[in-house]
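Undergrad: Protein chains in written order, with the UniProt record's numbering: chain A, 1 to 279; chain B, 1 to 337; chain C, 1 to 327.
Mixed in with the good hints, there may be bad ones.
What the hints assert, rightly or not - Label-pair restraints from in silico Cβ distances:
{"#": "1", "chain 1": "A", "residue 1": "T27", "chain 2": "B", "residue 2": "V152", "range": "24 to 32 Å"}
{"#": "2", "chain 1": "A", "residue 1": "L82", "chain 2": "B", "residue 2": "W83", "range": "33 to 41 Å"}
{"#": "3", "chain 1": "A", "residue 1": "S64", "chain 2": "B", "residue 2": "D199", "range": "27 to 35 Å"}
{"#": "4", "chain 1": "A", "residue 1": "E170", "chain 2": "C", "residue 2": "R296", "range": "39 to 47 Å"}
{"#": "5", "chain 1": "B", "residue 1": "K144", "chain 2": "C", "residue 2": "G27", "range": "31 to 39 Å"}
{"#": "6", "chain 1": "A", "residue 1": "L85", "chain 2": "B", "residue 2": "L28", "range": "53 to 61 Å"}
{"#": "7", "chain 1": "B", "residue 1": "L96", "chain 2": "C", "residue 2": "F128", "range": "50 to 58 Å"}
{"#": "8", "chain 1": "A", "residue 1": "T27", "chain 2": "C", "residue 2": "P275", "range": "56 to 64 Å"}
To be verified - If you only want the chain C side, here are some residues facing chain B, beta carbon under 7 Å, derived:
{"#": "9", "residue": "L58"}
{"#": "10", "residue": "L59"}
{"#": "11", "residue": "L87"}
{"#": "12", "residue": "R90"}
{"#": "13", "residue": "G91"}
{"#": "14", "residue": "K92"}
{"#": "15", "residue": "M96"}
{"#": "16", "residue": "S103"}
{"#": "17", "residue": "A104"}
{"#": "18", "residue": "P107"}
{"#": "19", "residue": "V108"}
{"#": "20", "residue": "A121"}
{"#": "21", "residue": "H155"}
{"#": "22", "residue": "L157"}
{"#": "23", "residue": "S158"}
{"#": "24", "residue": "F245"}
What the hints assert, rightly or not - So, partial list: chain B residues that the calculated Cβ filter (under 10 Å) puts toward chain A:
{"#": "25", "residue": "V145"}
{"#": "26", "residue": "A162"}
{"#": "27", "residue": "P164"}
{"#": "28", "residue": "L325"}
{"#": "29", "residue": "M328"}
No lab work stands behind these hints, which were simulated from the structure alone. Note that beta-carbon positions come from the ideal geometry of N, C-alpha and C, so glycine has one too.
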Amino acid sequence: MERFAFLRRFTRNRGALIGALLILLVTVTALAAPLLFPTDPLRMVGPPELWPGEDPAFPLGTDSLGRDMLAMLVHGARATLLIGLFASAMATLIGVSVGAIAGYFGGWIDEAAMRAVELFQTIPNLIFVLTIVVILGSTLHNIVIAIGIVSWTPIARMTRAEFLALRDREFVQACRSMGMHAPGIIVREILPNALPPVIVLSSLVVASAILFESAVSFLGLGDPNVASWGRLVGDGRQLIRSSWYICAIPGIAIMVTVLCLNLIGDGLNDALNPKLRDR
Amino acid sequence: MAGQLSGAVSTRSSSRRAATLRLLRRRLIQAVPLMLGVVVINFVLIHLAPGNFLDVMTAENQVSDPATVELLRRTYGLDDPTWLQLVKYVWALLHLDFGFSYRQNMPVLQAIWVGLPATLLLMLSSITLAFAVGVSAGVVASTKVRTLWDTVVSVAAMFFFAAPSFWLGIMMIVLFAVKLGWLPVGGMATIGGGGGLLDILHHLILPTLALGLFYAAIYARVMRASMLEVAQLDFVRTARAKGLSRTRVTLSHVLRNALLPVVTILGVQMGTILAGSVVIESVFSWPGIGSLLFDSVSSRNYPVVLGIMVLGSLVVIAANIAVDLVYMWLDPRIEIR
Amino acid sequence: MTAIPLEVRDLRTTLFTRRGEMKAVDGLSLSVGAGETVALVGESGCGKSLSALSIMRLLPDPPARIVGGEVKLNGQDIVPLDEEAMLDIRGKEIGMIFQDPMSALNPVVTIEKQIAEVVMAHSGLGRFQARARAHELLEQVGMPDAGRRLDAYPHQLSGGMCQRVVIAMAIACRPSVLIADEPTTALDVTVQAQVLALLKRLQAEAGMAMIFITHDLGVVAETADRVVVMYAGRKVEEAAVDDLFEEPLHPYTAGLIGATPVPGATRGDRLADIPGMVPALNALPGGCAFAPRCSRAMERCRREKPSLTVPVAGRLVACFAVAGEAA
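Let the hints inform the model, and build the full structure from the sequences given.
TA: In structure tokens:
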């Protein structure tokens, strides 16, 4: 019943519904990429710089090397979504851990955690990502780690705030008086109650992680074996005078995906915590 | 009467000045551990890098002169235990010794110093644009809730919040520089001739839009919500009961209170804005620290990369202090946070 | 003959919400003479504040709108006036004081500016003259160390001092009508007495007509000349203050007076004598709104709404039980 109520509230938000459906579509295409375009998308298949619509075989045209834009876009979706999801998961893991411990224990632990949050907010995030990637190497998982490391601070702050509000509630005190240990209380009692706003934030971090990744790839520092959308934009920037569509198309893909994720975040926010709207 | 008035005003301003100084001192003291943290993170990164400390600080074997290698060996104490190495590293940074960049053939600090003003200019103009556009759009949307204006602002904010800034920049170049020919494609001044203030401003327009509109979108959303929230507060009704018009009440009572969350967010985002300007610089060939950063990153010139990180953090701290002062000026309740 | 400062006739304010229309103020009539104080009493949610905001035309629209009746200010009906014309009336002809003085003042604007603002809006005074007037007003409302408080911010003042500032703003343009909406509720008991004394003094000096909204009948006994008791948006009883306390006619009034703590008794369960709660406006019973809580309710009370009758000269009451007794 509760679950249905949640679904109803979520789907009443038309933007969120559209966003969710579009993301579903992007995800399905990404998963089906090897079936839709079984050949290597980075292979030359036609004449270069074919505009979209010029040849029905390449509905989105070809790039400067005669590669099928649509095939690259669909394959690129895999990388983009995967990095976004894993980076957000990483940020959530770090953020929730730090925030939960800081909020539950308070005192100097809290103080130290908040200083760390401040520290990570001070370092210009993308420069930090580039530095990590360049030092550790441009591989997919290093990029995920780097984005996770710069994205956890808002989640930590939110989790901490929720824990601060919940840690002195009766049910928590009851657990404490029954001799339950801190880890148990944190994970089994407080965390489930603190999670809804954190989930909303995590969905927004997926969006910002995608933007991060696209910037890293755009600058030519992405994994050289992966053609994510950001890299496609970067590859096309030399040709903006003659064939600007090469830049425009993957950029639109990024924008629409991020837009949908933001809409989903808004919808989740309304559905999960009506009281926290506009926060 | 006049004397009494000026007396009251001066006591107020002097107590404000004292509070400002207290805040400044406190913020500067807090900046020390923060900077130390940045340096430690750098140090850890250097140790994570493949190769040893010496390779890193000499930009991957680009130094072959044995005398120089020996000098670095002594400066950073490479035979010492790790903690002593850290101390020596901090010590070197304290003396503004960020290492030597062999690609530019100058000390790292000097190489960064060359590009910093251009980056700061881009940052400042983007923040100004974001703040002005975002706040006005938010105010308009909130005073015309559920009208066409409100919808236009919301939709525009949604799009600019989702568009990658570098892509937006490229698309604007295509439209305004390549197709229409109104604005320059890139750079900071027209090559040969140029370089005047107007010329620089002309070059500044597109990069500022590309970087600033994303933040304008955020501020518009926050400002709208904040305006609507403040408009519900009791003192707004009091002001209306005094016979002030809606517009007067909005401008002189709601606006200032509603700005506070926007200013807070601005402070939190300083680092992001600096980093974003580095990407935009690459799109527009803006001669800031961005190009230096990419050059250093692709040539694995670590000392420069790390130097940019340290100096960038310093810029963010300074900008944050400025934001705090603005906040304090806006909200008299905050003496020291 | 001079016109009565404030005369409200059959005022009707309705809330238009998604869950239907709610009659928040349902045919209220009252008049306040110069120098007179009329108390508007009732539990919270019975329409007192909405009546005041209707008179000021400060209703949140949507959802609230005046759907009928007139509000005559010195003989002129202000209900048909447009917003622009109301700007000249609010703060100038009618001053208003609010419940929570701390939140009624803008936290980021100095006291002086907040007072000077109303002065400048309604007079031709410039910045410096307005400041001088603000100083004068602060002294008039008994602000200690008035000159130094001009540049203070609300958070630097106590609740009582803030209320003095709000009062100073309300009387700044010498209005003929003053509406005080629970002006002492948020204050400490000792401060309450000071603020009440101040209001009475200012009223006497200027001969203002005052509507005093409160749920505290102890305060009513001290300040009011006449009392209007409201329940669920309607006036259920009106009487001179002495008559009312001597012999409350409406069962609701009797309950309120019985529920008012005698000095010395502990505060707390104030409405022990009236079981139940004020009904939600969208769930009003068909007949007398008070019937479900009334010990004297009869069959007729649940069917019909009682209208106001005059059981004794100078008194009004809307109750079938009382009307039946008199007949």
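Undergrad: A separate judgement is required for each hint: does it hold in the structure or not?
TA: Structure-based check of each hint:
{"no.": "1", "hint": "A:T27 x B:V152: 24 to 32 Å", "result": "holds, 31 Å"}
{"no.": "2", "hint": "A:L82 x B:W83: 33 to 41 Å", "result": "holds, 39 Å"}
{"no.": "3", "hint": "A:S64 x B:D199: 27 to 35 Å", "result": "holds, 33 Å"}
{"no.": "4", "hint": "A:E170 x C:R296: 39 to 47 Å", "result": "holds, 43 Å"}
{"no.": "5", "hint": "B:K144 x C:G27: 31 to 39 Å", "result": "holds, 35 Å"}
{"no.": "6", "hint": "A:L85 x B:L28: 53 to 61 Å", "result": "violated, 41 Å"}
{"no.": "7", "hint": "B:L96 x C:F128: 50 to 58 Å", "result": "holds, 53 Å"}
{"no.": "8", "hint": "A:T27 x C:P275: 56 to 64 Å", "result": "holds, 59 Å"}
{"no.": "9", "hint": "L58", "result": "holds, 6 Å"}
{"no.": "10", "hint": "L59", "result": "violated, 11 Å"}
{"no.": "11", "hint": "L87", "result": "holds, 5 Å"}
{"no.": "12", "hint": "R90", "result": "holds, 4 Å"}
{"no.": "13", "hint": "G91", "result": "holds, 3 Å"}
{"no.": "14", "hint": "K92", "result": "holds, 6 Å"}
{"no.": "15", "hint": "M96", "result": "holds, 4 Å"}
{"no.": "16", "hint": "S103", "result": "holds, 4 Å"}
{"no.": "17", "hint": "A104", "result": "holds, 5 Å"}
{"no.": "18", "hint": "P107", "result": "holds, 6 Å"}
{"no.": "19", "hint": "V108", "result": "holds, 5 Å"}
{"no.": "20", "hint": "A121", "result": "holds, 5 Å"}
{"no.": "21", "hint": "H155", "result": "holds, 5 Å"}
{"no.": "22", "hint": "L157", "result": "violated, 12 Å"}
{"no.": "23", "hint": "S158", "result": "violated, 15 Å"}
{"no.": "24", "hint": "F245", "result": "violated, 31 Å"}
{"no.": "25", "hint": "V145", "result": "violated, 13 Å"}
{"no.": "26", "hint": "A162", "result": "holds, 4 Å"}
{"no.": "27", "hint": "P164", "result": "holds, 5 Å"}
{"no.": "28", "hint": "L325", "result": "violated, 17 Å"}
{"no.": "29", "hint": "M328", "result": "violated, 18 Å"}
Violated hints, listed in ascending order, are 6, 10, 22, 23, 24, 25, 28 and 29; each of the other numbered hints is respected by the structure.
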